[in-house]
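**Student:** One-letter residues, chain by chain:
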Amino acid sequence: MSPQLPAMQFDHVDVAFGRHMVLRQLQFDIPAGAFVGVIGPNGAGKTTMIRLVLGLQRPNAGRVTVLGQSAGRGGREIGYVPQSFAAEPDLPLRARDLVGLGLDGEKWGFPLPSKERRRRIDACLERVGALGYADEAVGTLSGGERQRLLIAQALLTSPRILLLDEPLANLDIRSGHDIIHLIAEIAKETQITVLFVAHDMNPLLGVMDQVLYIAQGRALLGSVEQVVRSDVLSELYGQPVEVVRVQGRILVFAGDEMVPLGHEELLPHGRPRSLPVEP
Amino acid sequence: MARRTGDNGAAPAHTTMSWLNYLVAPGFLQTGQVQSALILGSAVAVCSAVVGVFVIIRGQAFLGHALGDVGSTGASGAVLVGVQAIWGFLGAGLMAGASVDALSRRARERDVATGVVLSAMLGLSALFIYLIGQVSTSTGVTQEILFGSVFTVSPALVLPMVGLAVAAVVVVGFVYRPLLLSTVNPDGARSRGVPVGLVSFLFLVAMIAAVEQSALVMGALLSTALLIGPAATAIHLTRRLGLAIVLSVVLALVDTWLGILLAYDSFNWPPAGRGWPVSFFVVAVMVVAYSIGQAIPRTSAGPRD
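Protein sequence lines, in the order shown, are assigned to chains X and P. Per the numbering used here, the first sequence starts with residue 1, numbered consecutively. Per the numbering used here, the second sequence starts with residue 1, numbered consecutively.
Bound conformation, chain P alone (with noise of 0.2 Å):
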């Protein structure tokens, strides 16, 4: 990756101005590359952020989680392939989320076929990564695909991701009454006409769009984090639905934000060359904020009559 050295000057009268470059590695803003990762990353953090509120609330993190998974599997059989990684996240996603409906008819099911979707196609993933070892010679492309690789996409992605991120915004606002009342009252849903079943899908096509969105910027296993850490700290800070949404989101943002600044800045650091993962940056941000959050009491909303 190319980067632009800086000046950053030994004289004491520009002590802050290194402090600030320690801070801000030079030439930040004005990479192509930093430029993509953060419109991307942004769009991300936005869509997970909103979908993952959702998510905490229907109990479906662990469906979430294995949806992050089982990208590995597509991704790394897009590469054998020679396809772009991120059909391969989308490919699986929308094939265990296909198989895990299918597969459970109640709620109690829900987590058992999670797991053995889930298993089926690590499975998958354990053979097509060990292929691509043996078969390619680029390297890296492993841990690009388990943790992460926002720095690489190609830019002609940025803009389809991004609408995809809004689109998955734009079916959870369009869902966003008949799903929190078929979560909290199914029986109530549907004597109000509310058609359950559909709107379940909808929610979960796109779940699917941001979990496999987040695999690219987080990788498959740690797209969880995004999904669940802005939204279960934002949950834990309000009573209000409108608030949490928006909290999560704020969250998100600053988090892939410092996570992808931190990552820039460490390439100055040891072992010299390459950078640390974005992912690491991330997910080091979200604890910070979640452990935050925990520590400040939920309040109550007054003395009761």
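Bound conformation, chain X alone (with noise of 0.2 Å):
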């Protein structure tokens, strides 16, 4: 198999909001056409690595590469799937309306009607199931109909790069199942590379190649196997931490407080020691 170039480079990335260090000196390639897990309690920065890559965010420290360029804004090579969006009930905007959006929604000006535009919004409602209710008001659909809307927007331009910022939070367990085996299918088909953002890590077991694991500040990227373990993790946290493998899933418990994360908390910070090496 001839290398790729992988869809996302961190080179010794610092980030650091006021006197906060938020992330601190990632340093990792994502290997293209893998289906990511990004993993850790929330507070610690997933949603500003996230910001990263789109972009948003820049370093104070270190470079980010998405597709071999800088990160930079604007990107149609990245599809974006935010974890919802504002709706009233009444809002005047048709599910097909939000979703065509996601193909030149940036652009100045208004949508004139024509065939290949419909085609291309029909084809990718089809694909997320949402060709059903693609005439509904967007603010009369439940949590799981809108994440299918989002990430149909999300992928009208064919992108390289799906990012998904926690879209299993406002989701029931049987709808989260039913969108991770959607962007399974979609990233199989399409060698797409996937970051998907979540706080447990048991519902992406199936499915994801690698977890990037942040907590504290710091990351690590490698398989389920290598990371999720209680040395390891210990090592990452600063603090003792038991990772238990019960029927399947996977539980991580703070040491002291015995807390399982998969919770919202933000642990206290602890003193991280020396990272392993990444495998």
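Worth flagging that the hints you see were computed from the coordinates, not collected in a lab. Please read all numbers here as calculations on a predicted model, not as lab measurements. Note that CB positions come from ideal geometry on N, CA and C, so glycine has one too.
Simulated DEER-style distance windows between Cβ atoms:
(1) P:V246 with X:E225: 56 to 66 Å
(2) X:I173 with P:D111: 34 to 44 Å
(3) P:D111 with X:D135: 30 to 40 Å
(4) P:G59 with X:R117: 20 to 30 Å
(5) P:V158 with X:S158: 43 to 53 Å
Derived, one-sided and incomplete: chain X residues facing chain P with beta-carbon distance under 10 Å:
(6) F85
(7) A86
(8) E106
Dock chain to chain to rebuild the complex, using the hints, since each chain is given by itself in its own frame.
**Tutor:** Given below as structure tokens:
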């Protein structure tokens, strides 16, 4: 297999907000076509990492390279799927109109209807299984339905990278599984690189190639077996961490408080010791 | 205001004609002031209708209302200084819009900032209107500032106002897509390189133009009715944004024409002599239209799979 350029490269990246170091010395490459779960407790820096890739956040030190170029705004090569959108039930916007904004929403003026435009929007709607409610007002749709629309919107430009920012946050378990299944299918079909942010890695265990574990401002990239281990995570957190595998599920407990991660809590910062070298 | 008296005719054979004369008082379309009013009113109606749909979508109805109210400060100030009211309306709107923008970075703060700026400027308005009462001999100026003066607008202003209305609509057309995207999905918009701040600012300017022009026709206190009323009615009736805008424009135009017509007719009504305010009739028609619209149930697109 010929070597392909990594989809994303983080080279000694630091990000600070004022005096607070949010991300420290990020150093890893995300291979093209990989399905990477971005896991970690809330406040750890997952969203900041996404913003770095999108070019919305500049690093204080180091370089972020996306598809061979410096991370910058306006890339149609990156499909961004935000967590949700705000919509009242009477907002006069149909599902297909919202999705259509993914095609040309950043351009000035208003869209002129065309057969080609409709065809492309319909194709993406069908891909995510949303064609059945394409003409409904977006404000009347459920969380799962809205998430599918956001995914369709991101796919319209045939991006090479798909960034999903906590898509499961507002979904029930069943809808969450449906969404993961959908993304996995799309990833396999199109060889797209996926960064899927979640605060619980368990639903992703069957589909992700690698996990990017972010905690205390530092990140580790590797397979689940390599990264999600008591010794490795203890180094990362700078405090005792216990990893327990029970019936195919992984539970991560912070030592003193025995708090299972997957709740939305920020652990108090420990002192990070030296990190293991990445495989 | 000069009026041509018509011959209403008493013979039974002219009954239909006399009914028509009650509905459309004689000389309606021939009167210069009415012609100006219809042209200016139509421009304002279209502009308000288009801008109003986006004001509602963006949840900025309170800001729109406040921008109208503060127009009274500018207009009364302008009268005191001897300048035409419209420049006062526009100037106050721009000042208030800039202040609210500067005082609030996040949507949450915006309502509070709007309230503060509104209070401050209305306080000034109270002072200016009092001073007008002390200084000026012309009656009715205050009524016109607060509730509209479409029949007494100088004809020289009509063309510039129509130009301003057209410009505002063009601006909205220009920012249509990025405005929609940044309203529904601000992070997504930024990630696509949309200059969200600039787009918001351009829309704010269009909003100020729409509201302050409407304040000429409807008065500072009632300009909101033309901004929000037809738009709200239209939004309730359709799921499609383009159709909502068209409906809003049609409703606003009918509303304004009926309002001007009824106000003209009302010169014959008690208490005789001056005619009832146009803004009253516009609001009355708007309320009726809105009520009818609300009575029509919203439908779903169809069975989902």
